[in-house]
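Generate the whole structure from the sequences, applying the supplied hints.
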Amino acid sequence: MAEATEKIVKPFLKELPEIRPGDIIRVHQRMKEIVQKDKKSKPEEKERLQVFEGMVIARKHGRGINATITVRRIIDGVGVERIFPLHLPTIEKIEVVSHSKVRRAKLYYLRERAGKKAKLKKKESAEKTEK
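In this text, residue positions in the sequence shown follow our numbering: the first is 1, and each later residue adds one.
Hints in this document: simulated from the structure, not taken from any laboratory.
Don't take each hint at face value.
Derived DMTMM-like pairs: lysine to aspartate or glutamate, alpha-carbon spacing no greater than 25 Å straight-line [what the hints assert, rightly or not]:
1) 122 <-> 112
2) 116 <-> 81
3) 32 <-> 45
4) 119 <-> 81
5) 101 <-> 124
6) 93 <-> 38
7) 60 <-> 18
8) 10 <-> 45
9) 10 <-> 112
10) 32 <-> 124
11) 119 <-> 53
Structure representation (structure tokens):
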């Protein structure tokens with residue numbers, strides 16, 4: 001049974017970078033807009049790329065087709081969270097901007113924090129310059 005579902009699901013899985021809680025990522029999502037210039041003209045479909053940058057506070061449902069991430073961002077002093085299914089066809093790409101050092105799988109405690117208290121320490125990269 002598992003082999004049959006794997007054959008069906010495999011073409012829909014995308015190659016993704018390693019995304020973990022605490023990472024700051026940029027999600028590029030293709031959005032369709034319906035634009036009507038005036039009442040007599042026909043509505044047109046317009047596509048644009050929407051970029052949402054924020055911190056991953058949760059990753060759920062494993063690594064399969066149902067995997068999701070919750071991305072949090074502060075816009076004009078208001079916290080905005082979006083839940084993205086990782087293998088959604090409208091997602092063009094996901095860029096990892098930086099990694100943070102965290103010791104939890106879910107960072108929901110960041111919802112209550114504001115300003116400097118909501119900042120996490122940056123993770124040291126393994127690539128150091130040699131002398």
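Consistency of the hints with the structure:
As the CA atoms of residue 122 and residue 112 are separated by approximately 20 Å, the hinted pair is consistent with the 25 Å bound. Under the criterion of a C-alpha separation no larger than 25 Å, the hint pairing residue 116 with residue 81 is consistent with the structure, at around 19 Å. Between residue 32 and residue 45, the direct Cα distance comes to roughly 6 Å. Compliance with the 25 Å bound is thereby established for this hinted pair. For the suggested pair residue 119 and residue 81, the alpha carbons sit about 16 Å apart, so the restraint of at most 25 Å is met.
Using a Cα cut-off of 25 Å, the hinted pair residue 101 and residue 124 holds, with the two alpha carbons roughly 8 Å apart. Between the alpha carbons of residue 93 and residue 38 the distance comes to roughly 34 Å, so the proposed pair goes past 25 Å and is violated. Between residue 60 and residue 18 the CA atoms are separated by roughly 14 Å; this keeps the pair inside 25 Å, and the hint holds. Restraint check: the Cα-Cα separation between residue 10 and residue 45 comes to about 30 Å, which exceeds 25 Å; the hinted pair is violated.
Simply put, residue 10 and residue 112 have alpha-carbon atoms about 39 Å apart, too far for the 25 Å limit, and the pair is violated. Between residue 32 and residue 124 the CA atoms are separated by roughly 39 Å; this puts the pair beyond 25 Å, and the hint is violated. With a C-alpha separation of about 15 Å, the suggested pairing of residue 119 with residue 53 holds against the 25 Å cut-off.
The earlier numbered hints that this structure contradicts are 6, 8, 9, 10.
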